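Visitor: What follows is each chain in one-letter form.
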Amino acid sequence: MSAPTPWRAAPDAGGAGPLPPGWHRLHPASPALRSWKLLVLLLLFYGQSRGRGLLDGGGEAPGLFELLTAGAVLLLILVVATAGGITSWWFSRFAVDDEAVRLHTGVLGRQQRSARLDRVQAVDIVRPPTARIFGFAEVRVEVAGGAGSAIRLAYLRRADAEALQSTLLDRAQQLGAEVGEPGLVGPAQRPEEALDLRRPAGPGTAPSGLSTPDHPSTADGALTPGAARSPGPGAAIPGSSTTLATPAGSRPTGRPVLTVPLPRLLGSVALSTLPPFLVVVLVSVVALAVTGSGATLFGTAPLLLGLGATVWRDVSRGGAWTVETSQAGLRLRHGLLERRTQSIPRGRVQAVRVRQPVLWRFTGWWRMEVNVAGYGLEDGEGGSTRVVPVCSRAQVDELLALVLPVAVDPGDVTDGLTGLTATLDGAPATAGWLCSPRRARLLDPLGWRRQGVLAAREVILVRHGRLSRRLDLVPHGRLQSMAVGRGPLERRMRLVTLVLHSTPGPVNPVAPHLDAARAATFLLAQAARTEAAASAENAPRPAPALPAPSALPPPPSGDAHRIWSPGPSPSGDAPPR
Amino acid sequence: MPHGSPAPDDLDALPWVRVSPRLVTARRIGLLWYLVPLLGVAVLALVVPSTWWWLAVAALLGLALLGWVLAGRAVRAIGYLEREDDLLVRRGILFRVTVVVPYGRLQYVDVTAGPLERAFGISTVQLHTAAAGTDAAIPGLPPEQASHLREALASRGEARLAGL
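For the record, the sequence lines run as chains A and B.
Using the numbering used here, the letters of the first sequence map in sequence onto residues 157 to 733.
Using the numbering used here, the letters of the second sequence map in sequence onto residues 257 to 420.
Among the clues, some could well be false.
Partial list, computed: chain A residues near chain B (C-beta under 10 Å) [stated by the list, open to error]:
(1) 426
(2) 427
(3) 429
(4) 430
(5) 494
(6) 641
(7) 644
(8) 658
(9) 659
According to the in silico footprint, chain B covers these stretches of chain A (three or more CB under 8 Å from chain B) [said to hold, decoys possible]:
(10) 632-640
(11) 686-693
A few chain B positions that, by computed beta-carbon distances, are all more than 12 Å from chain A [unchecked claim]:
(12) 269
(13) 318
(14) 354
(15) 356
Because the hints were derived from the structure by calculation, they are not lab data.
It should be emphasised that the depicted structure is a prediction, and the values quoted were computed from it without experimental measurement.
Note that the Cβ used here is the ideal one computed from N, Cα and C, for glycine as well.
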């Protein structure tokens with residue numbers, strides 16, 4: 157049986173030991189990288205308790221005996237932790253084959269986790285400060301399984317991590333095309349993928365490195381043979397030159413789209429924090445004036461702390477932000493201390509939000525966020541849902557064209573997106589928009605003129621906000637469901653609120669206070685549009701004919717699933733063949 | 257309903273399918289749960305005499321009574337409508353909500369029946385899409401209607417299977 161891995165770690169990543177072929181250990185430095193925090197914590201704890209004792213009681217400096225004892229305890233803890241770390245490292249192993257990424261961990265309670273590559277939502281690289289100093293990186297494979305469902309490979313050498321990331325992304329995309337999953341692969345990328353039909357003749361016939369399938373060079377004209385695949389691991393570092401050429405030369409991969417300069421980031425954070433900061437200060441001053449007691453400031457201090465934390469998070473995560481195109485969609489690199497490389501495959505973007513806090517209107521800045529299944533809500537353990545923390549109006553247009561899973565040209569007047577330009581620039585309702593009627597001004601004295609919904613050719617647009625502006629875009633085929641709600645007041649005024657449901661994420665489009673009759677018409681018409689768009693994506697595409705998922709040839713004899721038999725077999729076992 | 261026909265502009269005028277009136281009785285019996293805090297507060301009121309406790313008892317009683325009176329209207333407000341490409345579900349009397357779920361977006365369909373519902377021979381059909389916000393539940397369906405709906409939804413969803 158040949159090694160089924162399209163990816164092979166550099167020799168030093170494997171460590172010694174009887175590993176079945178195809179299985180790798182994480183880098184031997186991993187336990188150290190993971191447990192150094194414990195040591196620092198212990199030292200801090202000890203130092204703090206001693207220091208307080210010295211301050212409080214004016215006690216004596218620690219004697220030799222105490223220092224020795226403390227040292228011994230520390231050493232013991234350290235030895236135990238290190239032993240635990242090394243054991244856990246020894247028993248952790250991962251494998252990558254044509255079907256899935258697998259990670260086995262645990263010494264006593266063993267955990268075996270695998271992510272099917274055709275279900276992978278995103279592959280991110282995370283580099284915390286310490287790992288960064290020593291040149292290591294963590295690979296996170298996200299599937300749409302909610303929080304904590306990611307496979308985390310910590311740590312690998314950085315070059316290995318990047319090679320692994322690009323292998324996984326390529327492979328996941330091929331699989332997406334093979335099984336013809338319409339919802340997961342956007343039509344805009346169809347042409348290039350549909351051509352890449354060929355399953356590998358057998359897993360691992362490729363000699364090594366990144367070249368998974370043996371690409372037939374002529375049949376799939378979109379590929380540039382030879383240059384299509386880099387010969388070995390580490391050569392295809394993302395950004396240098398990635399793998400597939402694009403059809404018709406439309407979109408070169410690895411092209412940098414934008415970088416966010418630090419002054420602009422700092423300015424944007426300052427401007428977006430200023431209004432809440434002023435509110436807090438105002439409240440503090442008023443409270444102080446009314447009560448005349450400084451104790452009231454204790455009430456507002458936590459608010460200030462929270463604001464500070466937000467500012468710190470925005471700056472540290474948003475620092476050195478770059479966006480570049482990749483074969484799969486967009487690739488983001490960001491973070492001042494902890495560097496993160498994440499991909500946003502355009503086929504997995506469910507909804508996009510472009511927004512502008514009120515003070516950004518003076519500088520013309522915008523922020524873009526997306527819903528990606530698997531990332532969930534904003535900035536959790538998963539990747540950032542931000543495409544860019546701050547960018548200019550022109551960059552919004554460019555990014556929209558890149559990130560939306562449907563072909564959209566914001567500058568094109570004919571496709572209904574003229575509304576987009578008008579929307580972002582704040583024009584009142586124009587043709588096609590379903591906006592709040594004049595009678596809604598009682599409920600929305602400021603916003604009624606701006607809020608509304610428009611069905612463009614490919615996407616639904618929902619805009620909101622008079623002072624700070626917001627525009628949500630949901631492709632027709634990605635809308636999950638809709639609802640109209642009517643409270644007692646709204647009913648009396650013949651108004652309804654339209655809610656669009658997308659996958660969990662920061663984008664939750666709501667169009668409040670629309671005319672009831674027109675909203676009902678819109679609702680039912682939109683349901684038909686969504687159904688039509690979804691089934692059009694689902695329809696069998698013209699040549700080359702795709703095999704139905706069930707008609708796929710069974711995996712050849714060296715079945716990937718049998719590389720490592722799941723079960724309580726001891727770690728050193730040879731795999732069943 | 258073919259695509260071409262003009263979409264109606266009054267959601268209330270659609271030919272909604274009502275759910276079983278047995279749901280009214282089931283819900284009214286479900287109000288017995290109010291008895292638990294009611295008795296608790298009443299006992300407290302006897303042990304620790306205070307007007308406030310009696311006010312709480314009155315409030316709980318009032319809520320239960322309101323629920324009793326409105327149960328009929330609330331159940332009559334529940335309705336669903338199978339259209340060619342999507343399912344409409346509506347509910348609510350004070351705050352009315354109408355949900356549209358295109359069949360192709362269905363991830364799975366739950367049919368549940370609690371003890372009380374089982375005693376009355378009704379069950380609840382709950383639709384799930386990939387969006388957490390989709391809140392489309394149809395309570396009070398007789399078993400044959402529920403299973404018919406489930407089958408219809410499943411087959412239509414499969415025919416239009418559209419991934420995420």
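Visitor: Would you mind marking each hint as holding or not holding in the structure?
Guide: Checked hints:
A least Cβ separation of about 34 Å between residue 426 of chain A and chain B goes past the 10 Å threshold, and the interface hint is therefore violated. Because the smallest distance between the Cβ of residue 427 of chain A and any Cβ of chain B comes to about 31 Å, over 10 Å, the interface hint for this residue is violated. Because the beta carbon of residue 429 of chain A sits about 29 Å from the nearest beta carbon in chain B, more than 10 Å, this interface hint is broken. The restraint placing residue 430 of chain A at the interface with chain B is violated, with a minimum CB-CB distance near 32 Å, outside the 10 Å limit.
The interface hint given for residue 494 of chain A is violated, since its Cβ lies 28 Å from the closest Cβ of chain B, which is over the 10 Å cut-off. For residue 641 of chain A, the suggested interface contact is upheld, since its CB lies about 5 Å from the closest CB of chain B, less than 10 Å. Because the smallest distance between the Cβ of residue 644 of chain A and any Cβ of chain B comes to about 6 Å, under 10 Å, the interface hint for this residue holds. Of the supplied interface hints, the one on residue 658 of chain A holds, with its beta-carbon coming within about 6 Å of a beta-carbon of chain B, less than 10 Å.
With a cut of 10 Å, the hint placing residue 659 of chain A at the interface with chain B holds, because the nearest CB-to-CB distance is about 5 Å. For a cut-off of 8 Å, the count of residues in the stretch 632-640 of chain A with a CB near a CB of chain B stands at 8, and the three-residue condition holds. Taking a C-beta to C-beta cut-off of 8 Å, the stretch 686-693 of chain A contributes 6 residues in contact with chain B, enough for the three needed, and the coverage statement holds. Chain A draws residue 269 of chain B into its interface by the beta-carbon criterion, the shortest separation being 9 Å against a cut-off of 12 Å.
At the 12 Å boundary, the C-beta of residue 318 of chain B stays outside the reach of chain A, the nearest C-beta of that chain being 19 Å off. Distance check for residue 354 of chain B against chain A: the nearest CB is about 5 Å away, which does not clear 12 Å, and the non-interface claim fails. Separation of residue 356 of chain B from chain A is inadequate, the least Cβ-Cβ distance of about 5 Å not exceeding the 12 Å criterion.
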